[in-house]
Amino acid sequence: MKFLQTNLPEIETAAELEKLINENENVMVCCGRMGPMCLPVYDVMEELEEDRSNVKFAVMAFDNPEAAVIRNAPECRGFMGLPFTMYYKNGKVADATSSIQNMQQVTSILDKQFAEKA
Amino acid sequence: MDEVFDVMIIGAGAAGLTAGIYASRAKLSTLILNEGAVGGQMVLTEEIANYPGVPATKGYMLANTMKQQAKSFGCKIKSNVKIVRYQLNGTVKSVELEDGRSFQAKSIILTPGGKPRSLNITGEEQFKGKGISYCATCDGDFFTGKEVVVVGGGNSALEEAVALTQYATKVTIVHQFDHFQAFKHAVEEAQKNPKIEFVLESELRGFYGNGVLQKVEIEHLPSGKRSELKTDGTFIFVGYQPNTESIKEFVQLNERGEIMVDPAMKTSVDGVFAAGDCIAKRYRQVTTAVAEGTIAALSAAEYSRS
Numbered sequence: 001m002k003f004l005q006t007n008l009p010e011i012e013t014a015a016e017l018e019k020l021i022n023e024n025e026n027v028m029v030c031c032g033r034m035g036p037m038c039l040p041v042y043d044v045m046e047e048l049e050e051d052r053s054n055v056k057f058a059v060m061a062f063d064n065p066e067a068a069v070i071r072n073a074p075e076c077r078g079f080m081g082l083p084f085t086m087y088y089k090n091g092k093v094a095d096a097t098s099s100i101q102n103m104q105q106v107t108s109i110l111d112k113q114f115a116e117k118a
Numbered sequence: 001m002d003e004v005f006d007v008m009i010i011g012a013g014a015a016g017l018t019a020g021i022y023a024s025r026a027k028l029s030t031l032i033l034n035e036g037a038v039g040g041q042m043v044l045t046e047e048i049a050n051y052p053g054v055p056a057t058k059g060y061m062l063a064n065t066m067k068q069q070a071k072s073f074g075c076k077i078k079s080n081v082k083i084v085r086y087q088l089n090g091t092v093k094s095v096e097l098e099d100g101r102s103f104q105a106k107s108i109i110l111t112p113g114g115k116p117r118s119l120n121i122t123g124e125e126q127f128k129g130k131g132i133s134y135c136a137t138c139d140g141d142f143f144t145g146k147e148v149v150v151v152g153g154g155n156s157a158l159e160e161a162v163a164l165t166q167y168a169t170k171v172t173i174v175h176q177f178d179h180f181q182a183f184k185h186a187v188e189e190a191q192k193n194p195k196i197e198f199v200l201e202s203e204l205r206g207f208y209g210n211g212v213l214q215k216v217e218i219e220h221l222p223s224g225k226r227s228e229l230k231t232d233g234t235f236i237f238v239g240y241q242p243n244t245e246s247i248k249e250f251v252q253l254n255e256r257g258e259i260m261v262d263p264a265m266k267t268s269v270d271g272v273f274a275a276g277d278c279i280a281k282r283y284r285q286v287t288t289a290v291a292e293g294t295i296a297a298l299s300a301a302e303y304s305r306s
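Protein chains in written order, with the UniProt record's numbering: chain E, 1 to 118; chain B, 1 to 306.
Among the hints, a few may not be true.
[As the list claims (entries may be wrong)] Straight-line distance between alpha carbons at most 16 Å, and here's what the computed EDC-like set of lysine to aspartate or glutamate pairs gives: (1) Lys-225(B) with Glu-203(B); (2) Lys-215(B) with Glu-203(B); (3) Lys-230(B) with Glu-217(B); (4) Lys-78(B) with Glu-49(E); (5) Lys-78(B) with Glu-46(E); (6) Lys-76(B) with Glu-47(E); (7) Lys-2(E) with Glu-16(E); (8) Lys-78(B) with Glu-47(E); (9) Lys-281(B) with Glu-258(B); (10) Lys-82(B) with Glu-47(E); (11) Lys-78(B) with Glu-16(E).
Worth flagging that the hints you see were computed from the coordinates, not collected in a lab.
For reference, chain E alone in the conformation it holds in the complex (with noise of 0.2 Å):
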């Protein structure tokens, strides 16, 4: 079931996330709700979505059961805000952030972390 109303693709289920990283080299997944913090950074993915073809993003609903792979991430531990964004390279999470981003601090982490090597 479908909890969020974006225009990226939303993930139901832990194993749609697992396959989602394994197949692909770089993920950028969203776990947030439909709230003020949450809004901006999915608008700054579907921005980046045109332009990063190397990266996959997609949105997974907070309150769903399904998020708990998510929300009890070792790298989330101690987050205290919505949303929780998390970066994987090559099926691993390569960073993780908590609360409200701006296009500057998602793109740096994307150059920092999915950056192409020569």
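Start from chain E and add chain B according to the hints.
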């Protein structure tokens, strides 16, 4: 080569989207450039219950409807851009983006809105999302059974403090004055809540913790005495500031950094109009922003066709 439009709108909150709807529906080629997420302060509002003709709705839904409405009339919207240069004088206005793209228009409507003020003190950025929040509705439930601090003395601070008592065992409101700017009913509701304590005439000086926020440093302003308060979270509601820093050299601002406009929403520069939370005014509501956006668009249309 620059893309050329009749009207260019800077900002996509309620004022900017409304201006976009009116200008594009008037068959003017219209571009909205937005440095943040579309919707402005509307998306920061959990529920909007007093927008005439619309039953209580989520802020983001109203914003999304306005966005779709503007696009349906042909308005182009580019969000999350970074504007690095403005040229607002002369008959042709132009802006340049960080990525090198540039755009021209006969008239410009400035609707950059405002942003929540931050405290700009030690640890604020470090503990954002790890104890520091700007949205009780979003993050309140992370603090269930915990003690939190609320900073501010306006309506948002007091209303959110009361809302946080649903989750937190104790809410301490820290405010710089000995009185509140909030409406009387909001103050009374907070004062009668047994979970709320007040630390007045005081300001926060720093956030500290080990990975997550654990304590704040507070200065009592009359005495200058500093003390520490253990806390699991801090919610900051110290008002908004207009996003006019990048245009302050072009249009006349008041001492608060708000753009001065006349009743037709004209600024001090010919062909440059302004609307919404960035202008000098008393009341900041979606309805007032929408009204000003309408007037600005109609004035810009008249100017562009003259």
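Hints versus structure:
no. : hint                       : verdict
1   : Lys-225(B) with Glu-203(B) : holds, 11 Å
2   : Lys-215(B) with Glu-203(B) : holds, 14 Å
3   : Lys-230(B) with Glu-217(B) : holds, 9 Å
4   : Lys-78(B) with Glu-49(E)   : holds, 14 Å
5   : Lys-78(B) with Glu-46(E)   : holds, 11 Å
6   : Lys-76(B) with Glu-47(E)   : holds, 14 Å
7   : Lys-2(E) with Glu-16(E)    : holds, 13 Å
8   : Lys-78(B) with Glu-47(E)   : holds, 9 Å
9   : Lys-281(B) with Glu-258(B) : holds, 8 Å
10  : Lys-82(B) with Glu-47(E)   : holds, 13 Å
11  : Lys-78(B) with Glu-16(E)   : violated, 31 Å
Violation of the numbered hints given earlier is confined to hint 11; every other hint is satisfied by the structure.
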